[in-house]
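Chemist: Residue-level listing of the chains:
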Amino acid sequence: MQTGNMVIGLFIPGDSLLHRVDPRSKIVFSFAFAVALFLVSSFGGLALMAAGLAAGLAVARIPPSWLYRGLKPVLLLALVTFLFQAFLRGGAPITSLGPLTLYREGVREGAFLALRLVLLVLSSTLLTFTTPPVMLTDGLSRLMAPLQRLRFPAYELALMMTIALRYIPTLLQELDRILKAQLARGADIRRGGLVKRARNLVPVLLPLFVISFRHADELALAMESRCYRGGRGRTARRQLRLGWLDAAFAFIMVLLIGGGIWVGRL
Amino acid sequence: MCLGLRLELDEAGLVYQPGLPFSATALEHVFLQVEPGERVGIAGPVGSGKSSLLELLAGITPPTSGQVLHDGQPVGRAGPKPGTIGLSFQAPENCLFENTVAADVAFGPGRLGLDKEEVARRVRSALEATGLDESFEQRHPFSLSGGEQRRVGLAGVLALEPRALFLDEPTAYLDPAARLDLIDRLVELNEESGATVVMVGHDMDELSRFAQRLLILDAGRMVADGPAPGLLADAGLLRDHGLEPPGTVTLAGLISRAASLPVEPFLTEEQAVEALARIMEGR
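Chains A and B supply the protein sequences, listed in that same order.
In terms of our numbering, the first sequence opens at residue 1 and continues consecutively.
In terms of our numbering, the second sequence opens at residue 1001 and continues consecutively.
Next comes chain A alone, as it looks inside the complex (with noise of 0.2 Å):
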């Protein structure tokens, strides 16, 4: 019950080059990064692009064990992905295995396959390992900032997201304690069928269904005590400026997507 060890969209304190890039333009080049890693379609491609990742990792000194917590829950998507191309693809045989064959022209595909996803999922967790969450809705909600004159509440899209990426690690303290104290009641969460096992997670998901209705009800009033009224005319206190650093982020990752796609454009 090791709530506590989860990593999701974890930011690791640093003073990198990669950590004092503008979140905007980490954000805008992730999602390029991602894009293109989609439209690199041969080994060569997709190899230029994973060493630029890995540069951005030791640029961040990013510890490995933690890439691996990043990583973790992708692992087996990746080799599912693996395993069925390599032999439900078709192709040139290479051996038999049972009633299964392994096939040339799989095995190549879903290597591709599994370290295109691997890839996808490092990139975001860089570019969430160096940008605080804060940074990065306030990145995102001056992106989207222009779409506001098109009635599209952006402002408001960024505060749901500040808001549910701060209770993350709120609640999962709490789930670990009720988890705990039901535990301790002879609670059971880890046997049983489908449907038992549902039903056992009442006595845990009803108190934390609780806990953040609580917690939102309160955050509502704190907010509202402090004048809250919507994001119009409202300014920030930190000011995102671009600066020598954003233009020299911008070439590297220019030159690395670009290259990747034309590497890569078989």
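Incorrect hints may appear among the rest.
[As the list claims (entries may be wrong)] Within a straight-line C-alpha distance of at most 25 Å, the following computed DSS-like cross-link-like pairs (lysine-lysine) qualify:
1) B:Lys1081 - A:Lys196
2) B:Lys1116 - A:Lys196
3) B:Lys1116 - B:Lys1081
Note that these hints are calculated values from the structure, not bench results.
Nothing here was measured: the structure is a model prediction, and the numbers come from that model.
Start from chain A and add chain B according to the hints.
Modeler: Only chain B this time, still in chain A's reference frame:
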């Protein structure tokens, strides 16, 4: 009647997020033995590791180093045997989930495979012990006041009739009369059932009323462990670790200064009367 549980920590330590940039040491090298039926208070400033120590002793949080033993047996990662411990965190009312008070209190004993009459008996006696009469049984937990919900939450733990009870600041947010009442009920429960009771508290007056033995923590280390009356009378020790001595001890100090006489620090009314009588004699 149930026998209390013997608790042991063998060089236990607890580190949160071990090996990560955020890792924080909550407790270091704690050796501790709690005898069956003992009433132990845990005190210390905020962030000293009180709650962590409680969770380790309860066996509900595995230590990152060392061992936790219940009755001499190491507690595994799966936690203590069901029904042996009762655990109440700072806000036990956060764990309410059933539609009626009685059903919520019955949840724990209901999972122990007891027959219906026994469950009903335990529900009744647990509610009684927390000062809630029969009229509460069929009410919805969320229709009660905060203090009443706290009592229901606590009753849900007591109904397990555990061999060891672990409480984290059970009196927080209760009014003064309810605090003393709860402390007295816990002492009574300990004396009647013989269960080991460990309580984290921040109020030295309450701890002086409750604890036979006191543990003082500071920055993840055990700085004092001994009979509660002696430690609580040591105003210097308490202040060194950011704690406020019991009101009576402070009062004894004031009287001693006003009368320019040495006055033994007192904790109970009888001791106060004795001390004052001695001063009067001296006059």
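Chemist: Just to be careful, I want the Cα atoms of lysine 1081 of chain B and lysine 196 of chain A compared with a cutoff of 25 Å; is the pair within it?
Modeler: holds (21 Å)
Chemist: Measure nothing beyond the straight line between the CA atoms of lysine 1116 of chain B and lysine 1081 of chain B; if it is 25 Å or shorter, mark the hint as holding.
Modeler: Judged against 25 Å, a Cα distance of about 21 Å means the pair holds.
Chemist: Need the status of pair lysine 1116 of chain B, lysine 196 of chain A: alpha-carbon distance at most 25 Å?
Modeler: At roughly 21 Å apart (the allowed maximum being 25 Å), lysine 196 of chain A and lysine 1116 of chain B satisfy the hint.
The structure agrees with every numbered hint stated previously.
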